[in-house]
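Residue numbers (this note's numbering), protein chains in the order written: chain X, 2 to 301; chain W, 2 to 301; chain A, 2 to 301; chain U, 2 to 301; chain P, 2 to 301.
Hints in this document: simulated from the structure, not taken from any laboratory.
Check the hints yourself; a few may be wrong.
Identical chains share a label here; the pair holds if one copy fits it or two copies do between them.
Computed list of lysine-lysine pairs in DSS-like fashion (alpha-carbon distance at most 30 Å, straight line) [stated by the list, open to error]:
1) Lys216 to Lys283
2) Lys283 to Lys178
3) Lys283 to Lys252
4) Lys252 to Lys216
5) Lys71 to Lys289
6) Lys252 to Lys178
7) Lys289 to Lys252
8) Lys209 to Lys71
9) Lys178 to Lys289
10) Lys209 to Lys289
11) Lys283 to Lys71
12) Lys71 to Lys178
13) Lys252 to Lys71
On a predicted model such as this, the values are computed, not experimentally measured, just so you know.
So you can see what is in the structure, the chains are spelled out below.
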Amino acid sequence: MSDYYERPTLDNMGLSVGKRVRLHRMMYEHGPGNGKLLILPIDQEVEHGPVDFFPNPDSKFPQFQYQLAKEGRYSAIALHYGLAAKYLHSFAGDVPLILKINGKTNIPSDAEAFSSLTASVEDAVRLGADAVGYTLYVGSPAQDADIAQLAEVREDCDRFGMPLVVWYYPRGEAIEKKGGRDSFYAIDYAARMAQEMCADVTKINFPKMDPQRDKDAPEPYSELELRGSEALRQIVRSAGKTFVLVSGGSKISDEDLLQKVRESMEAGVTGLIFGRNMWQRKMEDALKLTERIKDAMRAF
Amino acid sequence: MSDYYERPTLDNMGLSVGKRVRLHRMMYEHGPGNGKLLILPIDQEVEHGPVDFFPNPDSKFPQFQYQLAKEGRYSAIALHYGLAAKYLHSFAGDVPLILKINGKTNIPSDAEAFSSLTASVEDAVRLGADAVGYTLYVGSPAQDADIAQLAEVREDCDRFGMPLVVWYYPRGEAIEKKGGRDSFYAIDYAARMAQEMCADVTKINFPKMDPQRDKDAPEPYSELELRGSEALRQIVRSAGKTFVLVSGGSKISDEDLLQKVRESMEAGVTGLIFGRNMWQRKMEDALKLTERIKDAMRAF
Amino acid sequence: MSDYYERPTLDNMGLSVGKRVRLHRMMYEHGPGNGKLLILPIDQEVEHGPVDFFPNPDSKFPQFQYQLAKEGRYSAIALHYGLAAKYLHSFAGDVPLILKINGKTNIPSDAEAFSSLTASVEDAVRLGADAVGYTLYVGSPAQDADIAQLAEVREDCDRFGMPLVVWYYPRGEAIEKKGGRDSFYAIDYAARMAQEMCADVTKINFPKMDPQRDKDAPEPYSELELRGSEALRQIVRSAGKTFVLVSGGSKISDEDLLQKVRESMEAGVTGLIFGRNMWQRKMEDALKLTERIKDAMRAF
Amino acid sequence: MSDYYERPTLDNMGLSVGKRVRLHRMMYEHGPGNGKLLILPIDQEVEHGPVDFFPNPDSKFPQFQYQLAKEGRYSAIALHYGLAAKYLHSFAGDVPLILKINGKTNIPSDAEAFSSLTASVEDAVRLGADAVGYTLYVGSPAQDADIAQLAEVREDCDRFGMPLVVWYYPRGEAIEKKGGRDSFYAIDYAARMAQEMCADVTKINFPKMDPQRDKDAPEPYSELELRGSEALRQIVRSAGKTFVLVSGGSKISDEDLLQKVRESMEAGVTGLIFGRNMWQRKMEDALKLTERIKDAMRAF
Amino acid sequence: MSDYYERPTLDNMGLSVGKRVRLHRMMYEHGPGNGKLLILPIDQEVEHGPVDFFPNPDSKFPQFQYQLAKEGRYSAIALHYGLAAKYLHSFAGDVPLILKINGKTNIPSDAEAFSSLTASVEDAVRLGADAVGYTLYVGSPAQDADIAQLAEVREDCDRFGMPLVVWYYPRGEAIEKKGGRDSFYAIDYAARMAQEMCADVTKINFPKMDPQRDKDAPEPYSELELRGSEALRQIVRSAGKTFVLVSGGSKISDEDLLQKVRESMEAGVTGLIFGRNMWQRKMEDALKLTERIKDAMRAF
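So here's chain X without its partners, still in its complex pose (with noise of 0.2 Å):
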């Protein structure tokens, strides 16, 4: 371990009095209350469209998705503006807003991918919210638009005080040349670019480990043989002073979770943000494991 790494935390992170303030809501008042971070997110129904939620039919009402966030006491939601302003009503002061504020659909070719705005920061603030998200799709051909647009989040979020958790979603033609959307040297040029553009949290995906496709990747990228769970840890020093989320991805079995959960925690990662994994099973069953989980993360 280097003399010159240290680990992000409220006190050394550089933050304004309002994204402290926010931060500590979700990190210590909400979710396994030891300043970790556990989200439940239903934005990406925006780019997915309604097929995730065949697999459990009430899911499709963002009702659902609320009532668990509160029971489950989640550190936050995150979601679209029409899903708060038309919901967040009724859970107002129980459940932290992670307004998410970019994105598209799935339908078109994602050859040029690029999330407009859906709302702004200040709507943010107007909601109450205690965070924004936004998806940067690192290495698109479209990535100047994106990264003027993130900049300008960013001053806004700088203004307001609040906090900016960006999804950091490798993507085009060029980085599956590289080694794929999925592999180290893609999440960890991500985690690297959301500490520069001062993203405060940031959502990554858990690494692919493929020998086959990394030969492509740069060096020394190339050449490097880990276990997924070593490449985590590396990209957790990449993003420095913004915390990691991992993702949880699409639906596998309870026990792959919670190793996940425990392979991300050691990896130094500050939170994990699952969403189809929990919210595609029964209420009950969905709270259950929600105990697990926070169970899993309070033993770091």
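Following the hints, put chains W, A, U and P in place on chain X, whose structure we already have.
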């Protein structure tokens, strides 16, 4: 029926006072009067040109549609700025206005469909309108510009307490490859997007079930074999706390139209938006049919 | 004649006071004086370059056209900012001004025709103009930028009480495949768009009936067999409460021109906009012909 | 000579006070002193890079051109923001400044030529400049952006009383197919555009008559067989109330240059803008030639 | 040596007070202390991703570079917003900051290279920075957007008295066809552009002479046969009153690096900007080498 589903009402949608005042006017003071909406649109003539007026030459003159809306006591008339600014003064107070604020002609290719603003929310305020209408081409390659433009319109609607009605049209090569613009998949996605983007009301087409084409839709849509009315019921639920309007499309027989009314209402929609089916006939006939439709709507 | 058609008048168009003052000045204090409009344009030289001046070398000097507009007491002169700012001071109060505020050269390809702003509505106010002129290329692939730009100009016109004159030119490959830019279909659509976009006055070409090409137009235009003057009558009605001006186009014989005047007036247009037909001849001849045209117009 | 032509003077151009003060300073207090303009440009080095400095290494240092402009008492020096901000303080009051406010390098393809703003009219005001310079690529496929940008610059010039000098360069494939960028057709169109866009002064090239290429120009240009000086006379008239400057282009012999001066002045131009012909020689030679040119100009 | 060349100094560059205060701090209160600049950059990791950190794992943590900048008393550290906002608080006052305000990743194609803003000049003011850094891709097909963006940054710098450091990178197919990005031609043009755009300081690469490729450059560059150090001397003069920094590039041996220092200083540059050559080694080694470089710089 899921425990988590609530039908949208003026009470549970998180509406501002201004939005509520204006929606109430259309839903209870005009139209069927029981909280349902019956809208008369002529906005589509920006997109079609005057071809639709030939079956009933009187219909070429906006005076005709205004007269019909007034005597038939429609919930509102929907049209573009020019027709409001030049004719509404004679019907002020009698006919609520949904100002359609974006549009395009159908002359050039539709491949990258996008409708520019033809007016602003502030224009609507100045004209005493009770809502604005916006067309989003879900799935068009130009979706990034479209979503960003809609988000700005939505912010202005929030600022002015102006209800937002969104015409959600799936459009573009990609959707045609996934079952087509009128498929359950396409319209279900559109309905969800309506809610995610915070539309108060959304206008959709009645889904057309075509097992041959639906095979190309993503799972599980590719395997569902539903009747259209059952698909519509699910679409209404995907729209959540956004009121759904079913459009009439091109002219059909009176009995087919009334059948459409009943099936739509049974599926849980809040209203109907019928243009050519109403004004492509003589005034007297149109008024009679309007009464039959309103009667049918009052049964729900 | 439909009961629902009203000819547009200053009383029934929903005009603001400022628009009414300025239109009244052009329609009753200048020109034929009976509510008709006779406009002298030189704006087209931005689009053509100086080629049009060779038949009458005097015409190269804007002083010539201003002199003609003053002595012939035209309703207004229409030109771009430079010619207003550099010459109008000598004719201030004598010649009403329609400031043309967008344009382009005809040097590069017309395939994506779009005319950028060369001046603003505020410029027109500052120059004491009585209207602004705007060219919309109906059906161009660049229509999204064009419609958006026109909508902003229209909002400024509303703000300043400035009448809006729209030059509606069907343009682009798509319209050529549907009968061509001078077909009844194309011009009828343009006239409707004029009203939808809230133009106070619109300039169109006299339709050319060509059964061979019209077959490619959408139904029912593909099957109509009308005389040009009858088509024009219908176009005037499609324009509704927007005054219609017929343009002269390239130079024709005096008798043909006067025939065009009579046919146009019979069809119900409000005015004429004749440029090359007037100023491609000596001053004396131009003034004589002007009187003949005004006399012909006064008969309606 | 047409009765309708007036040579432009400070009296008849409709100038604001601020424009008149600044033009007077350049036309009567500096330069030949008789209402003519002799401009020294180094702005072209943004477009060329340092290649032009090799014939006279001293010319690489802006101090050289400033010194020449001061001792030769030029009407003004024309250059970009950096050279003004870094050197003008030593010559403040001695050398009037035309701040060139847009530019580009010649490294990438010129096919869609467009010069972005490198400074603003307000920058020019702050630096005490007596005019701004703007390059318009007449006929470039990017003309829509160019015309719009120029219109905004023109509005700022009106606001600040700042004279506008436009470098009109015909450019692009289309103009090359119609006789080429230096043809009478191309430059005559450019001169008209200068007046239409409200330039106070325009810089053009001396036309090159080439019967072989001119055949491709539009009628009647394709059939005219004029001497260059006669073409220039007509171009000056096409520019109307915009002063015309003829540029020197690449270096030619002193006698050819003086011949160009005389032919230009005879054709009615208001001034000359000579760069490389002046500063690609030693200071002493440059000053001597400057005097000969000013003497030649004073004869008109 | 030309009589017209003046080396740039804080006295003769036309600087505002604010720019002078900030440049003085970097040139005399930090760094070698004799008016020279030694800059430590980590901004390039936005463009490279974390690959550069593998040779020295400590370097992945910005704390390392800050520590090095502080103990080695560099003139300034150059980095993006995130690394400033999250770490500078611990080094406030000890390490002057050059805030790099635009960037991009190197994942997608570089064919139309353009770096969007990642922060604003106002951000730099708020952070107490002593300069901003901007990358211009000279010769990229996207130069029109780049020049316009730089001009706006420059205006903000003037407004706030913030020195402007421009990273001038020749880039794109066109420059590769004219000798390449590191040719004398390319860098000489870049240096001139730095001055024309009013950069206070510019960062360039040491030119690489390659007679084979230089043949493709424009005359006279195609025929010059200079040593690299002589080319650099001319480049420094092309930059005029803009201070020149030479960059280190990828890591080379200590003796080669010191040789580069001496050759650069002899050629008249004002400073050096060495990143990987410094921080791709242990802290102790880096500090020792820093001292040797500063000693070498103090000899000039």
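* Asked: Which hints, by number, does the structure contradict?
  -> When the structure is compared with the hints, numbers 2, 8, 9, 12 turn out to be violated.
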